[in-house]
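Spelled out, the chains give:
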Amino acid sequence: MHVLRPRSLHAALEDLASDARLRPMAGCTDFMVPGAATGADSDGILDLSLLSELRGIRWNDDWLEIGALTTFAEIAASNFVQEHFSALVEAARQVGGWQIQTRATLGGNIANASPAGDSLPVLLALDAELELSAAGGVRRIPYERFHVGYRETALGAGELITRIRLPRPAPNVHQSFRKVGTREAQAISKLSVALCARVDDGIVRDYRLAAGSLGPTPIRLREVERAVVGRTANSETADRAAEIATHQIHPIDDVRSSASYRRWAFARIVRRMTLDAYASSLQG
Amino acid sequence: MNPRSQTARARSDLGTRESEAARDDRSPARPDGFAKASGSLAYADDARLEGMLFGATLRSPHPHARIRSAHWRPERAPAGAIGLLARDLTGPNGVQLLDDAWPILAGDGVHHVGEAVGLAAATSPEAAQAALAAFEIEYEPLPARTTPAEALPSDVFTELEILHGDVAHGFTQAAHIVEGTWRTARQEHVYIECQSMTAWIDTDDTLVVQGSMQCPYYVQNALSHALKRPAQRVRVVATPPGGGFGGKEDYPSLLALHVALLALATRHPVRISYDRHEDMLATSKRHPSEVHHRSGVDSDGRLTAMDVDILLDAGAYRTLSPVVLSRAVLHATGAYRCPNVRIRGRAVRTHTLPNGAFRGFGAPQVLFAVERQMDRIARAVGIDPLEIRLRNVLEPGDELPTGQVLDDSTSARLCLERVERETDFRRRWREHERQRSTISGDANGSRKGVGISLYLHGSGFTGNGEKRLASTVRARLRSDGRIELQTASVDMGQGSCIVLPMVAADACGLHVDDFVVAEPDTSRVPDSGPTVASRTSMIVAGEVALAAQEICGQIVDAWGKRIDSAEEARLEAGELLAGSRSEAFRQVARCHYLEYGASEVTRVHTPPAWQEFDEESYRGVAYPTYAFGADVAEVEVDPDTLQVRPLAVTAVCEVGRVLHPVLCRGQIEGGTLQAVGWALMEEAQCREGHLVNDRLATYLLPTVQDCPEIQVVLLEHPWNGVGTGAKGVGELPMNGAAPAVVAAIENATGLAIAELPATPERLLVELERQGLADRTQPS
Ligand SMILES: Cc1cc2nc3c(=O)[nH]c(=O)nc-3n(C[C@H](O)[C@H](O)[C@H](O)COP(=O)(O)OP(=O)(O)OC[C@H]3O[C@@H](n4cnc5c(N)ncnc54)[C@H](O)[C@@H]3O)c2cc1C
Chain A
1 MHVLRPRSLH AALEDLASDA RLRPMAGCTD FMVPGAATGA DSDGILDLSL
51 LSELRGIRWN DDWLEIGALT TFAEIAASNF VQEHFSALVE AARQVGGWQI
101 QTRATLGGNI ANASPAGDSL PVLLALDAEL ELSAAGGVRR IPYERFHVGY
151 RETALGAGEL ITRIRLPRPA PNVHQSFRKV GTREAQAISK LSVALCARVD
201 DGIVRDYRLA AGSLGPTPIR LREVERAVVG RTANSETADR AAEIATHQIH
251 PIDDVRSSAS YRRWAFARIV RRMTLDAYAS SLQG
Chain B
1 MNPRSQTARA RSDLGTRESE AARDDRSPAR PDGFAKASGS LAYADDARLE
51 GMLFGATLRS PHPHARIRSA HWRPERAPAG AIGLLARDLT GPNGVQLLDD
101 AWPILAGDGV HHVGEAVGLA AATSPEAAQA ALAAFEIEYE PLPARTTPAE
151 ALPSDVFTEL EILHGDVAHG FTQAAHIVEG TWRTARQEHV YIECQSMTAW
201 IDTDDTLVVQ GSMQCPYYVQ NALSHALKRP AQRVRVVATP PGGGFGGKED
251 YPSLLALHVA LLALATRHPV RISYDRHEDM LATSKRHPSE VHHRSGVDSD
301 GRLTAMDVDI LLDAGAYRTL SPVVLSRAVL HATGAYRCPN VRIRGRAVRT
351 HTLPNGAFRG FGAPQVLFAV ERQMDRIARA VGIDPLEIRL RNVLEPGDEL
401 PTGQVLDDST SARLCLERVE RETDFRRRWR EHERQRSTIS GDANGSRKGV
451 GISLYLHGSG FTGNGEKRLA STVRARLRSD GRIELQTASV DMGQGSCIVL
501 PMVAADACGL HVDDFVVAEP DTSRVPDSGP TVASRTSMIV AGEVALAAQE
551 ICGQIVDAWG KRIDSAEEAR LEAGELLAGS RSEAFRQVAR CHYLEYGASE
601 VTRVHTPPAW QEFDEESYRG VAYPTYAFGA DVAEVEVDPD TLQVRPLAVT
651 AVCEVGRVLH PVLCRGQIEG GTLQAVGWAL MEEAQCREGH LVNDRLATYL
701 LPTVQDCPEI QVVLLEHPWN GVGTGAKGVG ELPMNGAAPA VVAAIENATG
751 LAIAELPATP ERLLVELERQ GLADRTQPS
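Going line by line, the protein sequences match chains A and B.
1 is the number of the first residue of the first sequence in the numbering used here; add one for each residue after it.
1 is the number of the first residue of the second sequence in the numbering used here; add one for each residue after it.
No wet-lab data here; the hints were simulated from the structure.
It is possible that some hints are incorrect.
Partner residues aside, some chain B positions facing chain A, computed with beta carbon under 7 Å [as the list claims (entries may be wrong)]:
1) D640
2) Q705
3) D706
4) L764
Now the in silico label distances, taken between C-beta atoms and shown as ranges [what the hints assert, rightly or not]:
5) R276(B) <-> A20(A): 28 to 38 Å
6) E709(B) <-> G97(A): 38 to 48 Å
7) A79(B) <-> G44(A): 26 to 36 Å
8) E422(B) <-> W98(A): 26 to 36 Å
9) S154(B) <-> T102(A): 51 to 61 Å
10) R276(B) <-> S49(A): 26 to 36 Å
11) H250(A) <-> P61(B): 30 to 40 Å
12) Y150(A) <-> P61(B): 25 to 35 Å
13) G97(A) <-> E422(B): 25 to 35 Å
14) S40(B) <-> V138(A): 49 to 59 Å
15) E50(B) <-> Y150(A): 43 to 53 Å
By construction, the Cβ of each residue, glycine as well, lies at the ideal position given by its N, Cα and C atoms.
With the hints as constraints, model all of the structure from the sequences given.
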């Protein structure tokens, strides 16, 4: 097995273009796990860790751009993220334990495409966009179109995820994230839920709900959103959101939990988050 | 001059007292601490030997199958690899424990998934793995019974019964009769260091086996039996184990045989080190249990009858199950007085991994059951959980179901009273009970609850175990004037490496540095028995103190007779031992060594005559004494996810004499956390005989983030029956936290979970059973 350590993005993309079997490696926290569907069996490694141009967090007009190599520890510590994307901070602080957070990257979490990836529902609810680069050029796609099947993504041959872009949220959007695992750290999610909601004058104006570990990919729950936006924010609406939400998921029984628990807890969390969004709008 | 006179005086004003905080100064650092913390200590897998080969194990994929044919095809193996099957064994195909029914390699058939069928050795671990492909085994799968229910009634390994009073009559006196069935899960030890063993043949044709283990002489015995070698030609060396918890009591004997067979076949050193996955797949677990209680109480809540039926899943082979079952039946009624008792225990055979020793050894399962049963009884009577315990608690002079009359160190009531004082349990429990029915559905935040448990642990080996063992220890003078303490006890983290020197120093008036603990090596140390049953600090250390004192006495006496100069006269015998004069003593001892050589004193432990137990009728003194404890746990339950967060556990433990306060607390903190994990999340799940979560990514145990605040209160009631006056502390704390945590969940939510672990999924099932799952609040 050979390892390439390019010093620029340009060089990395050229390497990737000339050898399609190269596997990119970022923080290596998924890559290293033996037998996993990630990297251990690959022929060659393209180590991205020297690409400083893919690190860091900055505003570009009304988009916050996070370099794909930025770690969860860096994300959780960023003032920009703390101020505008509290749900992402919550998720970043719950990935693995703090040792993992100092290595694990946002790009790796997305590319690894596990339905249990903790940042994924948050990015869905935040209407994120991905910048994908290849030797031939750069394209942007809505993140919602990235996961096409179980561990299948829209990433083309020779492409890297280079940036994650988040639109600046409206001032009074309430964000929440909830991860349910077996223990407080180092737990793969039984389920995870992210919500961005805006309630004005008692009416739900904006409602973006996403979930992880409840199907083959992380999912955005569009039907719930359509049913809730425009309604009065009250417990009836919260019940309705929870009710519809449970019909849109496909939880399974596995070694970590049961389908019926996942369904029940998911409904409870959706309900609770919806009520919290309403309560926070009252506080101003 | 009697070194015990001082302690004997202290014991004359017996009474339970708190272990003073000042005694934390009496906690010298363990000699291996720095090497462990810095990573420089050599564990079993560290040393590389010249010409060493590596072994790998072919395992059964079936829970039950006949082996139609088995072959080793060398042409398919890497060059130089060898393979062994059952037919290659020249001696009995059995691991000698209580009997030798546990096969070294499966012969005609396999009886659990993961059972060893073939062994290969090659020049690297990878080549050895590759060599497994050269085995050709034809299996004929047979129907498998993988749960105790399927095993009953025919497949019972051992059945025990204890009868006391007249149970039928007891039930006629009862105002309430309460029944309950309580279940616990298979728990994995998760010692940090996986099993590892290395064997080689020395130039004098001695077989040497070195590795991670708790009981060097068990391993020597198993090797000598199956290989038909005299014990003197089998040398077993225990490397410092990275944890054991009982998991290195029985299994190392099997692994030792595997490496020994390969070493004998190849005449090379051979090592097998399991990775975590293989370790979890192949080694023993805590017995899953089902305990049925039927209890009668009078209108005041006093027990009139207890009928207890215990079922342990032994797995495919008996191994140590009869002894585990024995401790289970002997702890089945908990720390309570009841005049009419019937206890039945059965260990049954299933086509699953053999279950074995695990911290607590059968007691945690039955204490979970009896503690939850007492809570259920309290609700039936209409009194609180503390009150039901106070009304039934064992007192000095009370009789146990075996007829044993309890000594005056019986401190269960003191533990209960103390834990109430520490935690204000009763008031808080009542308040949570009241609040539970009044919180409105949309209230934010979590539910809190508290639970209490009372528990005991019989000290040392069960029944006549100590009598049979006749533990032997030796103190031997070294050329540098220090005394070597020779025992087969292994320090697996509990701290005997410092506790043995401490008790010896105490007995001789010397310093801990004047003593050296010998490496547990059967060619150099006598058989002081296995490192199990919380017995080292109590029994082995007691004999060590006496041996050390005796050898010091001999040295000093001999010196006294030889004094002939004024200079030497200053080192007078009595003064030497009275004044902690280490330097002076060492000088004298060095002279003694030059004059007489390495003199030594050997002592054999004899249990006191009053420790009589009849193993047929289960009457008599099953344990010389009992340690007691009471826990209060506080939990918080998330109403949306039913996730349980253990917030705090207060453990009040009366452990006889506290020898090393820091390590003693460490045992209680660790045991408590292990019990919390067992209560809330740990479960080696078995489906149709296959372990489902055989990795640490799926078998989850608490992380430091999940650890409750643990407050330990140590009570001492030095007890002068046997040994040091310590009652043993390694296992006691494993008995207390699980029932207290599950009781706290009930206090918080109204959901009484009858099966461990109390996962959110099980809480939801209970919520649905109560018809409350659709309501917005779980109450
Ligand atoms: C102990 C432990 C606990 C964990 N806990 C959690 C958890 O709680 N929640 C969670 O979501 N995850 C968890 N993980 C998984 C892992 O840490 C995350 O998915 C992490 O974000 C992966 O990032 P990485 O930089 O380490 O990726 P790597 O391991 O380096 O790569 C992962 C995959 O992504 C590809 N890749 C990486 N970067 C790029 C890129 N820029 N463009 C294209 N492809 C790329 C790689 O080729 C590889 O296939 C845990 C892992 C471990 C070992």
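>> Hints numbered earlier in the text: which of these fail when held up against the supplied structure?
In response: Hint 6 alone not satisfied by this model.
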